[in-house]
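Top to bottom, those sequences are chains A and B.
Numbering-wise (my numbering), the first sequence opens with residue 1 and increments by one.
Numbering-wise (my numbering), the second sequence opens with residue 119 and increments by one.
Take these hints with a grain of salt, some might be off.
[Stated by the list, open to error] Label pairs and their in silico Cβ distance ranges:
| # | chain 1 | residue 1 | chain 2 | residue 2 | range |
| --- | --- | --- | --- | --- | --- |
| 1 | B | Ser-198 | A | Thr-14 | 30 to 40 Å |
| 2 | A | Asn-77 | B | Pro-197 | 24 to 34 Å |
| 3 | A | Gly-16 | B | Ser-198 | 33 to 43 Å |
| 4 | A | Gly-28 | B | Ile-178 | 16 to 26 Å |
| 5 | A | Ser-22 | B | Asn-159 | 33 to 43 Å |
| 6 | A | Gln-41 | B | His-128 | 24 to 34 Å |
| 7 | B | Ser-146 | A | Gln-41 | 16 to 26 Å |
| 8 | B | Ser-121 | A | Leu-95 | 23 to 33 Å |
| 9 | A | Gly-58 | B | Ser-148 | 15 to 25 Å |
| 10 | B | Ile-178 | A | Ala-2 | 28 to 38 Å |
| 11 | A | Asn-77 | B | Ser-198 | 22 to 32 Å |
| 12 | B | Leu-125 | A | Gly-58 | 41 to 51 Å |
| 13 | B | Ile-178 | A | Tyr-10 | 40 to 50 Å |
[Unchecked claim] Computed cross-link-like contacts, BS3-like style, restricted to lysine-lysine with a CA-CA straight-line distance of at most 27 Å:
| # | chain 1 | residue 1 | chain 2 | residue 2 |
| --- | --- | --- | --- | --- |
| 14 | A | Lys-57 | B | Lys-176 |
| 15 | A | Lys-57 | A | Lys-13 |
| 16 | B | Lys-186 | A | Lys-13 |
Keep in mind the hints are simulated off the structure, nothing from the lab.
C-beta: ideal position from N, C-alpha, C; glycine also.
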Amino acid sequence: KAGVTQTPRYLIKTRGQQVTLSCSPISGHRSVSWYQQTPGQGLQFLFEYFSETQRNKGNFPGRFSGRQFSNSRSEMNVSTLELGDSALYLCASSLSDRPLGPAGNTIYFGEGSWLTVV
Amino acid sequence: AQSVTQLDSHVSVSEGTPVLLRCNYSSSYSPSLFWYVQHPNKGLQLLLKYTSAATLVKGINGFEAEFKKSETSFHLTKPSAHMSDAAEYFCVVTRNYGQNFVFGPGTRLSVLP
């Protein structure tokens, strides 16, 4: 069973440009979330999607957006890139968004997309 | 609101000796707690999770963690460290649904030969 797949793995962009990152969840998984990882801020939650609907959003500016398609694949977009957006962007998937109780779901992470803004 | 404190930013042990990585949490809800490991240039791999079924949780690669509500702790242990355990370890808290995980700052584990 294939894991969570993120593309591209590495990319370099210039300040002011925009970028789109893609995430294919594990087959059958309907919930996808995105995280940003930087040395200074650590891992921070960006947003979560379930059945094409955004369920939760982290504390990031409106330049960060995302969407989920009917096949559960997700994309996130960052517009007007800033140097501080350089980070590892991680996508995670699970079968469902609730519950995470004893009979609940395991969250699986992809290997991430490394974004460098110059 | 939820938060996670990992008491050590770096832990160094010798191969074959026990590992203890400390985690304390704060949560307004009955939490779910996780430990994830991240090897260099890799994504995060789930080690184990606590979701109120049992306070002592066994994970992969010989790791286990004990949930202590009175101490709001979820420390990760392993009886004998292996060189391949060298990595970054993250303690995570979340509500009992959704994927809005709150990550601790991480503890870097070094294993000396």
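Hints, one by one, checked against the model:
Against the hinted window of 30 to 40 Å, the Cβ-Cβ separation of Ser-198 of chain B and Thr-14 of chain A comes to about 49 Å, which falls outside the hint. At roughly 46 Å, the beta carbons of Asn-77 of chain A and Pro-197 of chain B sit outside the given window of 24 to 34 Å. For the hinted restraint 33 to 43 Å between Gly-16 of chain A and Ser-198 of chain B, the CB-CB distance of approximately 52 Å leaves it violated. The beta-carbon spacing between Gly-28 of chain A and Ile-178 of chain B, approximately 22 Å, falls within the hinted interval of 16 to 26 Å.
The beta-carbon spacing between Ser-22 of chain A and Asn-159 of chain B, approximately 19 Å, falls outside the hinted interval of 33 to 43 Å. Remark: the range hint 24 to 34 Å for Gln-41 of chain A to His-128 of chain B is contradicted by a beta-carbon distance near 18 Å. Taking 16 to 26 Å as the suggested C-beta distance range, the pair Ser-146 of chain B and Gln-41 of chain A conforms, at roughly 23 Å. Range check, Ser-121 of chain B to Leu-95 of chain A: about 27 Å between beta-carbon atoms, so the 23 to 33 Å window is met.
For the pair Gly-58 of chain A and Ser-148 of chain B, the beta carbons lie near 22 Å from each other, so the given range of 15 to 25 Å is met. The hinted range of 28 to 38 Å is not satisfied by Ile-178 of chain B and Ala-2 of chain A, whose Cβ atoms lie roughly 20 Å apart. Checked against the hint of 22 to 32 Å, the pair Asn-77 of chain A and Ser-198 of chain B fails, with Cβ atoms roughly 46 Å apart. Range check, Leu-125 of chain B to Gly-58 of chain A: about 25 Å between beta-carbon atoms, so the 41 to 51 Å window is missed.
Checked against the given bound of 40 to 50 Å, the beta carbons of Ile-178 of chain B and Tyr-10 of chain A, roughly 28 Å apart, lie outside it. A distance of roughly 32 Å separates the Cα atoms of Lys-57 of chain A and Lys-176 of chain B; the hinted pair therefore is violated under the 27 Å criterion. The straight-line distance between the Cα atoms of Lys-57 of chain A and Lys-13 of chain A is roughly 24 Å, inside the 27 Å bound, and the hint therefore holds. Of the supplied pair hints, the one linking Lys-186 of chain B and Lys-13 of chain A is violated, its CA atoms being roughly 46 Å apart against a limit of 27 Å.
Checked against the numbered hints listed earlier, the structure breaks hints 1, 2, 3, 5, 6, 10, 11, 12, 13, 14, 16; every other hint is satisfied.
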